[in-house]
Amino acid sequence: MANARGGSSGPDVGLLYDINGLAKDAPGWFDRTMEFVGEYGIVLGLCVLMVCAWWSLRRGPDAAGGVAALLWAPLAAGIALLVNVPIRGFVRRPRPFLEHQGLDVLVRGKTDFSFVSDHATLTMALGVGLFVAHRKFGLVGIGLAFLEGFCRVFMGVHYPTDVVGGLALGTAVVLLLAPLAMMALTPVVGVVAGSRAGWLVRSRRARVAVADGAESVVVRQARHRDNGLAA
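Numbering follows the working numbering, in which position 110 of the sequence shown is assigned residue number 110; successive positions increment by one, without gaps.
Among the clues, some could well be false.
Pairs of lysine to any residue residues, derived as SDA-like cross-links and limited to a Cα-Cα distance of at most 25 Å, are as follows [what the hints assert, rightly or not]:
(1) 110 / 93
(2) 24 / 136
(3) 110 / 90
(4) 110 / 55
(5) 136 / 183
(6) 110 / 89
(7) 136 / 32
(8) 136 / 99
(9) 110 / 13
(10) 110 / 54
(11) 24 / 52
(12) 24 / 83
(13) 136 / 52
(14) 110 / 32
(15) 24 / 11
(16) 24 / 34
(17) 136 / 180
(18) 110 / 78
(19) 136 / 168
(20) 110 / 82
(21) 110 / 99
(22) 110 / 136
(23) 110 / 146
(24) 24 / 183
(25) 110 / 18
(26) 136 / 91
(27) 24 / 175
(28) 110 / 79
(29) 136 / 55
(30) 110 / 147
(31) 24 / 79
(32) 24 / 89
(33) 110 / 37
(34) 110 / 94
(35) 136 / 54
(36) 24 / 35
(37) 110 / 21
(38) 24 / 150
(39) 110 / 91
Hint data in this document are derived by calculation from the structure and do not stem from the laboratory.
Could you put together the complete structure from these sequences and hints?
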C-alpha cells in the first residue's frame, strides 16, 4: 500500500516516522548530540565498559575464565558483523530515507543496505558478551545496545525492524557460539596467565592469592603424609 509520505506503509514505517519525528521537534544541539552518540558515542562507551570489566575480572577468583569470556565479546561482535554481510546482500533493503519522504536524516552519506543494522548488531554482541563475562557491566552494555537501536531510528537511517534484526543477530551469535569459544579461549588465556604477561589476566593480588592457595594445598598434603607415616 502506498504511503502519502512515499514508500510502503505499515507499523514499521509508522514507528519510524514517530521516532524520527522527535528529531524534527528537538533543538539542533540535541540532534547533534544524538548523531554523535548513535554513530560513535555508544560504541566508545562499550569499549570503556570492556576495560572496566577487564580490570574487575582480573582481580577475581576465576580471572582466567572471566577474561576468556570477556575476550569472546569483541570476537563475537566481529563474527556477527561478518554474518550480516550476506544477510544484507540477500535482503537488499534500501535505507528508509531513500523510500520515504519527510524524514529528518541526521547522518548523510549512507548508501549501503539497511537490514540489518550493523550498529545494533555490534553493540548488542558486545553487550551480551559483556553479560556472559560480568553481569553488572553486561546489563549496562545491553542497555546501551537498546539505546543504540533507538538512536539509529531517531537519526533516520534505519527502520525499527532493522534494529530488531541487529539486536537478535548479535545476541544469537554470542550465545550460540559461546560454548565452543570458551573451549578454545580458556586454555589460551590460562597459558598467558602463567607467562610474563600474566598481569593481563590476573592482578598482582590475585596472583599472590593463587600462589598462597597452592602453597596451602602443598602444606596440607605434607601434613597428611606425615600423619599417615606416624600412624
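Earlier hints that do not hold, by number: 2, 4, 7, 8, 10, 11, 12, 22, 24, 26, 27, 31, 32
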